[in-house]
Amino acid sequence: MSNSTSLVLGSAVTLDASANDITMDEQLLRLTQLTVNGIALGSIIALAAVGLTLTYGILRLSNFAHGDFMTLGAYLTWVANRSGVNIWLAMILGALVTVLGMLLCEQLLWSPMRAIRATSTTLIIMSIGLALFIRNGIILIWGGSNQSYNLPVAAAVDILGIKVPFFDLIVVALAFLAILGLHFLLQNTKIGKAMRAVADNVDLARVSGINVERVVIWTWVIAGSLTALGGGMLGLTEAVRPNMGWFLILPMFASVILGGIGNPYGAIAGALVIGVAQEVSTFLLPTEYKLAVALFIMVLVLLVRPQGLFKGTL
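Straight run, no breaks: the sequence shown in this note's numbering ends on number 314.
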């Protein structure tokens, strides 16, 4: 082999090695990017999952309408924002109206069902019907097309070569603050201690002088606020559409089961795991299989450790 031929072959090998190095770097960068996206998604799921686990832990209600209340919060935020209200104030208004809707359902549906000691199957069927009612009501009032908040386009923030959408950072920060507030309420306030007592044993809590009905109202207020806030933040990262919350109901339940049913801190940890797992799964699988990943994790936990990773209590 001539020297010129060897030189050409050596250059080709060098070029191939460089191409492989670039490809590996790009793959690592993409994997990191997906992980960051998963943290943002997990933060949104965490807020709604905490509300879902609180309603089950205290009210023993598996609320399949939870995702649609999340959608309602996003749409109410959109309506207020499009009317000229600042986006952050719009989220607060959306949360307030969503809480009122949950309290109305408590008076019309859940309280009478608890009074007659309805079975869990009856409550689940009613919650699915409520979910359909809310979703189709949204379509009737605001239509089925995608909507978006009236916000300026924000440039992505470069963090060590990773492009993080500005609103993803806002979502993670807001979720962290909301979770800190929830922790303070549960651990350091009278109503938080009463909620923990009712979750442990409602009959004993009532005999001890705790106003259970007041605890129920506060449960809906906290669950509704966190769920609507999660819906509003989801609208920051994607389009506002009628089925946005319904597509997250499976990841919510997977997060609650993974973290231990009734444990809000476990739900937060579970949501972050589910969010990251869903996004990172697209590194190997088509995007359409993201929900299947959440389902697989949920089934796996139910088979291996049905009580979840943490103790199921407030």
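Please keep in mind that the hints were generated in silico from the structure rather than gathered at the bench. Since this is a predicted model, take the numbers as computed values, not measurements. There's no promise every hint is true.
Here are the computed lysine to aspartate or glutamate pairs in the EDC-like style, where the Cα-Cα straight-line distance is at most 16 Å [what the hints assert, rightly or not]:
| # | residue 1 | residue 2 |
| --- | --- | --- |
| 1 | K193 | E213 |
| 2 | K190 | D158 |
| 3 | K163 | D25 |
| 4 | K163 | E26 |
| 5 | K311 | D200 |
Across the chosen pairs, the derived CB separations fall in these ranges [unchecked claim]:
| # | residue 1 | residue 2 | range |
| --- | --- | --- | --- |
| 6 | L180 | V207 | 30 to 38 Å |
| 7 | Q187 | I124 | 26 to 34 Å |
| 8 | L28 | T189 | 22 to 30 Å |
| 9 | R82 | P112 | 18 to 26 Å |
| 10 | L204 | Q107 | 40 to 48 Å |
| 11 | S120 | L185 | 26 to 34 Å |
| 12 | R206 | L169 | 38 to 46 Å |
| 13 | L89 | E26 | 24 to 32 Å |
| 14 | I139 | N188 | 19 to 27 Å |
| 15 | R214 | L28 | 46 to 54 Å |
| 16 | I124 | E26 | 42 to 50 Å |
| 17 | G209 | T287 | 48 to 56 Å |
| 18 | R214 | P112 | 37 to 45 Å |
| 19 | P112 | D200 | 20 to 28 Å |
Glycine is no exception: its CB is placed at the ideal position from the N, C-alpha and C atoms.
Hint check:
no.: 1; hint: K193 <-> E213; in the structure: holds (15 Å)
no.: 2; hint: K190 <-> D158; in the structure: violated (44 Å)
no.: 3; hint: K163 <-> D25; in the structure: holds (15 Å)
no.: 4; hint: K163 <-> E26; in the structure: holds (13 Å)
no.: 5; hint: K311 <-> D200; in the structure: holds (12 Å)
no.: 6; hint: L180 <-> V207: 30 to 38 Å; in the structure: holds (33 Å)
no.: 7; hint: Q187 <-> I124: 26 to 34 Å; in the structure: holds (31 Å)
no.: 8; hint: L28 <-> T189: 22 to 30 Å; in the structure: violated (45 Å)
no.: 9; hint: R82 <-> P112: 18 to 26 Å; in the structure: violated (36 Å)
no.: 10; hint: L204 <-> Q107: 40 to 48 Å; in the structure: violated (26 Å)
no.: 11; hint: S120 <-> L185: 26 to 34 Å; in the structure: holds (27 Å)
no.: 12; hint: R206 <-> L169: 38 to 46 Å; in the structure: holds (44 Å)
no.: 13; hint: L89 <-> E26: 24 to 32 Å; in the structure: violated (41 Å)
no.: 14; hint: I139 <-> N188: 19 to 27 Å; in the structure: violated (42 Å)
no.: 15; hint: R214 <-> L28: 46 to 54 Å; in the structure: holds (53 Å)
no.: 16; hint: I124 <-> E26: 42 to 50 Å; in the structure: holds (46 Å)
no.: 17; hint: G209 <-> T287: 48 to 56 Å; in the structure: holds (53 Å)
no.: 18; hint: R214 <-> P112: 37 to 45 Å; in the structure: violated (18 Å)
no.: 19; hint: P112 <-> D200: 20 to 28 Å; in the structure: holds (25 Å)
Hints 2, 8, 9, 10, 13, 14, 18 from the earlier list are contradicted by this structure; the remaining hints agree with it.
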